[in-house]
Each structure stands twice: as structure tokens, then as C-alpha cells.
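Visitor: In case you want the letters, here they are:
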Amino acid sequence: MGMPGEPSARNARAFLTRSQNPDGGWGYRPGSPSATEPTGAALVALGPDPEAAPAVERARRWLEAAQRPDGGWGLSREDPESHWMTAWGILGLARLNPHAPEVARGVRWLIELPVIRIEAAELTAEVSRTLRIDPRLRGWPWRPGEASWVEPTALALLALDAASVVETHRDRIAEAVGYLVDRRCVGGGWNFGNPFMLGANLPPRPHPTAWALLALRILSPQAIRPEDVTALRAEMYRDGGAMALALGQLALTAIGIEEPEARERLQRQQAPDGSWESSPYVTALSALALNGGWPWAPRG
Amino acid sequence: MGAPRLTRRAFLRLLLLAGIGGGLAFAERRTQPAGLRQFLTWLLRGWRRRVEPPATVALGASLSYDEALLRDALMALWDQAGMPDVAGKRVLVKPNLIEWIEGRPLVTAPEVVGAILDVLRARGAAEIVVGEGPGFRRDAGPVVEHSGLAAVLARRGIPFIDLNYDDPRPVPARDGWFPGQPRLWLPRHVVEADLIVSAAKLKTHHWAGVTLSLKNLFGVVPGIRYGWPKNMLHVNGLTPSILGLRQSMPPVVSVIDGIVGMEGDGPLFGTPVPHGVLLVGADPLAVDVIGARLMGFEPEEIEHLHWGIWAGVGQGVHIEVRGASLEALGRRYQRPPK
Numbered sequence: 001m002g003m004p005g006e007p008s009a010r011n012a013r014a015f016l017t018r019s020q021n022p023d024g025g026w027g028y029r030p031g032s033p034s035a036t037e038p039t040g041a042a043l044v045a046l047g048p049d050p051e052a053a054p055a056v057e058r059a060r061r062w063l064e065a066a067q068r069p070d071g072g073w074g075l076s077r078e079d080p081e082s083h084w085m086t087a088w089g090i091l092g093l094a095r096l097n098p099h100a101p102e103v104a105r106g107v108r109w110l111i112e113l114p115v116i117r118i119e120a121a122e123l124t125a126e127v128s129r130t131l132r133i134d135p136r137l138r139g140w141p142w143r144p145g146e147a148s149w150v151e152p153t154a155l156a157l158l159a160l161d162a163a164s165v166v167e168t169h170r171d172r173i174a175e176a177v178g179y180l181v182d183r184r185c186v187g188g189g190w191n192f193g194n195p196f197m198l199g200a201n202l203p204p205r206p207h208p209t210a211w212a213l214l215a216l217r218i219l220s221p222q223a224i225r226p227e228d229v230t231a232l233r234a235e236m237y238r239d240g241g242a243m244a245l246a247l248g249q250l251a252l253t254a255i256g257i258e259e260p261e262a263r264e265r266l267q268r269q270q271a272p273d274g275s276w277e278s279s280p281y282v283t284a285l286s287a288l289a290l291n292g293g294w295p296w297a298p299r300g
Numbered sequence: 301m302g303a304p305r306l307t308r309r310a311f312l313r314l315l316l317l318a319g320i321g322g323g324l325a326f327a328e329r330r331t332q333p334a335g336l337r338q339f340l341t342w343l344l345r346g347w348r349r350r351v352e353p354p355a356t357v358a359l360g361a362s363l364s365y366d367e368a369l370l371r372d373a374l375m376a377l378w379d380q381a382g383m384p385d386v387a388g389k390r391v392l393v394k395p396n397l398i399e400w401i402e403g404r405p406l407v408t409a410p411e412v413v414g415a416i417l418d419v420l421r422a423r424g425a426a427e428i429v430v431g432e433g434p435g436f437r438r439d440a441g442p443v444v445e446h447s448g449l450a451a452v453l454a455r456r457g458i459p460f461i462d463l464n465y466d467d468p469r470p471v472p473a474r475d476g477w478f479p480g481q482p483r484l485w486l487p488r489h490v491v492e493a494d495l496i497v498s499a500a501k502l503k504t505h506h507w508a509g510v511t512l513s514l515k516n517l518f519g520v521v522p523g524i525r526y527g528w529p530k531n532m533l534h535v536n537g538l539t540p541s542i543l544g545l546r547q548s549m550p551p552v553v554s555v556i557d558g559i560v561g562m563e564g565d566g567p568l569f570g571t572p573v574p575h576g577v578l579l580v581g582a583d584p585l586a587v588d589v590i591g592a593r594l595m596g597f598e599p600e601e602i603e604h605l606h607w608g609i610w611a612g613v614g615q616g617v618h619i620e621v622r623g624a625s626l627e628a629l630g631r632r633y634q635r636p637p638k
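Quick mapping for you: the protein sequence lines, in order, are chains V and B.
Note that my numbering has the first sequence beginning at 1, numbered continuously upward.
Note that my numbering has the second sequence beginning at 301, numbered continuously upward.
For the record, the hints were derived by calculation from the structure and aren't laboratory data.
Built from N, CA and C at the ideal position, the CB exists for glycine as well.
Treat the hints with care, since some could be wrong.
[Stated by the list, open to error] Reference listing, derived: stretches of chain V covered by chain B, where coverage requires no fewer than 3 residues with Cβ under 8 angstroms from a Cβ of chain B:
#, segment
1, 20-32
2, 71-84
3, 146-155
4, 228-241
5, 257-269
[As the list claims (entries may be wrong)] Cut-off 25 angstroms, straight-line C-alpha distance, at most; resulting in silico cross-link-like pairs (SDA-like, lysine to any residue):
#, chain 1, residue 1, chain 2, residue 2
6, B, Lys638, V, Ala53
7, B, Lys638, B, Pro551
8, B, Lys638, V, Arg68
9, B, Lys638, V, Thr124
10, B, Lys638, V, Glu64
11, B, Lys638, V, Arg117
12, B, Lys638, V, Arg132
13, B, Lys638, V, Asn194
14, B, Lys638, V, Arg29
15, B, Lys638, V, Leu123
16, B, Lys638, V, Glu258
17, B, Lys638, V, Arg136
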């Protein structure tokens, strides 16, 4: 007897296989140029599925070829800059082999990435007043040399976990976990970065909240508060889009919460071709959400 | 033969050359990161604007969101403003869909977008799409749905493009506003458009002072390349990013929805202002100068307008307002928090 989401997930996997580009990667739409994020997400969703082995192998080769000489990944092979997509390059390749040399080079890039950290007392006081954050804490930025944001921080943490290097980089990871805890919105959940701006509390948003909860679930589960879960539930339904529902379902499953309504709403949004919104990226997340959740690396 | 002697004249010449060289080196340093050459280009272009003909901005008043009335009004304003011919062109309409918060007039009203689409169709545009890359939404779909824009587009058979995911391509970063970044990655539909209609909202903005048709261009920056909420633009500086985007894109014209504006803590948490105005023009800087004045700001108070006028990014000095009277419609919007 299969899982309740299995037919949906099977159709989703079939869509992913069909929408793979001849070069082995996936774009954000079928036929779009291959990009790191959808390719990494599709690899995470397909994993070592024997039925998808040829597609997985071609995707692995695409990701390896797209890795830049500095060890990071950009948007595509043509992108001359490594940035936040490095986490997706690692996640995709580590799903197949966490100890691959390409994964190790990606990890090194992430760890050595320069991130803005404000330590001067007068500046930290001003930033704390305006944004109500501790600017001394580093997460990860979208691009090198910029400020930290919730989603790239959570993705980097998940990538380091997938690469089985959590113990090796314990201090850096602890700082990033501290960053996530510091950026929590009043009332729970996460906005994109700061929780407050110029006199107003910012509302939580479903996507960064789900990513933050996934990262905290594996690296600091005691930091998760009930109000974070309440915020996620409220925001994922208020948003109502497939990406929010899939990510929300992934985070709730990771925390051990059954959410049949999210599952049903997600299944209802699946198109006859097996996709969600004709997007390989959203389809990969939805397939994961409906079929077992986030594939955690084996512990130990 | 004796050693050549330095004459008094030669010495003075050397002194003059050293002075010029030193002055140039000093000016070059003082104008970094743009550099002296770029600085002079801006300066001369700004001076040239002062002797060029005025830009035209058409101003409509006492308007509501009634679709039929709005379409007729926009058609008339389009002609009054002398907008460019769109026949046979690929046009991208870029509304402000920054975020959706129930009950707050954050976004360009879908009725205004619908009226723009009708005008473009009536004037023979070959291909029309509506696109936006929200800064505070990983997925634009729910904003399009909740705001009512999805229904407006469906009735007209016009596609919506989430510019955050629209296969970005590198284009030259023009006019020196992105120092150290020779290229910008912009969405395919932006790069391929013959004309972009910046369909903005009349709002205050806590960082930029006001957000009108120039600031609205931030939404074309693709999230998949630069992240959410487009931090690169803040790192580069708001003013150079606003002006640099304008200069690196295909031709941009402006329509501003001020039928209900926003004052105070914009662009998200401000207070609605029933203002009943609509602005149309082919020069975004001129339209924004008039938009700022309608809100009670002088352009000198708004950094990107001030520098845009100084550098001649558009015509900000001589502006002819047609249609309704600017003086009669001017209000004093509550200032955003600092």
C-alpha cells in the first residue's frame, strides 16, 4: 500500500523527467535555460530513485559543470559570480554523495564567504534602534559582501547539514542559528530579514518561515517556538500559492506535525501534466512535501 | 658643451602642467567611484537639459476606479502627454505589486492596469505582457490573485510574468551608476521589450522619500539573481540604483495611479489618501517631479529626483503640465518616518 500522496508524487516525478533540458539541468519553466536552484531542487526530490537514474546522472553532471572555479555556483553556467545558489548546488550533489569533492569545494566557498558584520558600537546602536536586530551576528547573504538574510542563511545551514560537516563548522553554524533566532518576528515566524523597520513590526512570511524552521529543526530544535508554527500555518494558507503550501508542509512534517489540509490543498493545485504551476522548482518542492518530506542526511 | 639651463618660461610651463595634472588627479579622486569623466558627462548633460524643450506631463483629476471612465480618461491623457507610438511594438507593463496586505492601497490598482492594457491594444501594440518581481514575495502569484489583477488580465487574455524568475540575461550597466558592476542581470521580457510602461502608485517611501515611476523599476531586478528584497540595490545606494536602472533599460514611459495614494509610513504601512489623480508622461523623471509636487514635496527634497535632474537623466527643469491644474490638486502628504 502506497503513501496517500504517491500518485501525485509519481506524476510530479514524471513531469520532472519530461521537463529536464537536454543539457541535464532544469529551468524555472520547461524549456527555460537551466539554472542551479531548480536543478538542485529536482535532484533533491528525485534523489537516488532507480527509475530516474539517467535523469539524475545527467543532472549531476550539469551541476558539476556549472560549479565555478572558486567552488561556488551562480544562477547558471553563464553567471560569472558565485552567490546564494551555492547552497542549492551543494544540496543537489550531496543528495547523491555528501563526500563528493565538488560538495567539499562548495562548503569551503560557503564558509569563506565574506558577510557584512557590524561591530562598531555607535553603528550597532543605530541599527538596533532602526531594525531591532543584533548586526554582529552573521548568517549568509544572497550575494558576497552583502548583509545576511533569512532564506540564504537557512539554505546554507541545510546545505552544511546535507554535506555532513556540521561538527567541523560548529562555531559558524552556531552563529548563523543565533542569527535566525535574533531575526524572529514578534509573534513568531520570519520575514525576509529584520523583524522591525522604522517603528513597525514586520509580518512573518511563509517562505522564509518554512526555510528557517527546516534549518532549526535539524540544528537547534529547542529554538523553535509554538508561535512560529502558528505563524507558518496562518501565512501559508493566507498566501495559498503552491510554493508556500509545499514549503509549509515540508516544515510542518519536519517538526512532526500532520497537516492534512495543506496536503489536500497542494494536491488540488497539481496540474494534469503532474506539475505545479508548470515550474520544475515548485514541482520538486511539492513532490518532496507529498512524499516523505525533506530528505535529511543520515546522522552519525 | 654646458648642461641645458631651465629658462624661466620653461619653469613656468612645468609649473602650470604640474598644477593641471594635480588638479585633475584631485578631481578624479573627489569624483570617485564614478570618476571625473563620468561626472563631467552628467554635469554637461544636466546643463544641456536646461536649454532643451519641456517635457509634457498629463494630469487627470477627480477620477475613480470605474473601469470604463478610467479607460476614457487614460486614452485622453495618453494623447495629451504625447506618448510614443506603440503600434507593432512589444510592451511590458510593470505595475507596483510589492506586497499584498489586506485593506492597504499598496499596489497599482488593477483597474488602472486594465485601462493601460486597453489603451495599448487600441493603439496597436503587437505584444503586451504584464510583469513584476515583488521584493517581499517569493511568489508573485498570490499578490496577483488577491489584488484582483489576475481577473483583469484573464478578461483581456494578457499573460503575467513573474520577473523574479524570468530567465535573467546580462545587459550593460549604463551611465556609470553601478560602479564596479559592468553588467546587470535583467529579466528576458524586460530586455526584449521595445517599451516599458512603469505603472506606479503615488506613495511615500521610508527610504526614498517617494516611490513613483522611477523607484517602481526596482521590481524588474530578478530575485533569483539578486535575492529578496533586492539587497544589491541598497548596497549600491538607492539613488544610483534608481537612476542606473532607468538608464540600463529599454525606453520607459510612466503612468501613476494616485486615485488613492499613500502617505506616512509607505511603501507598506502608510495611510490611504483619496486623491483622485492620474499622471501620464513619456519622461519618467518629469512625471515623478510632478508626482512629488502633487504630494507636497519639492524635487530637491527627494535625493534621486535631485540627482536625476542634476545629471540630466530626464527633463526635470522644464515641464509642461496639461489637463488638470497642479496647483489645484497639490496636497501635503504626511512625511515618512526617518
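Visitor: Could you work out which of the previously given hints the structure breaks and list their numbers from low to high?
Guide: 5, 6, 7, 8, 10, 14 and 16
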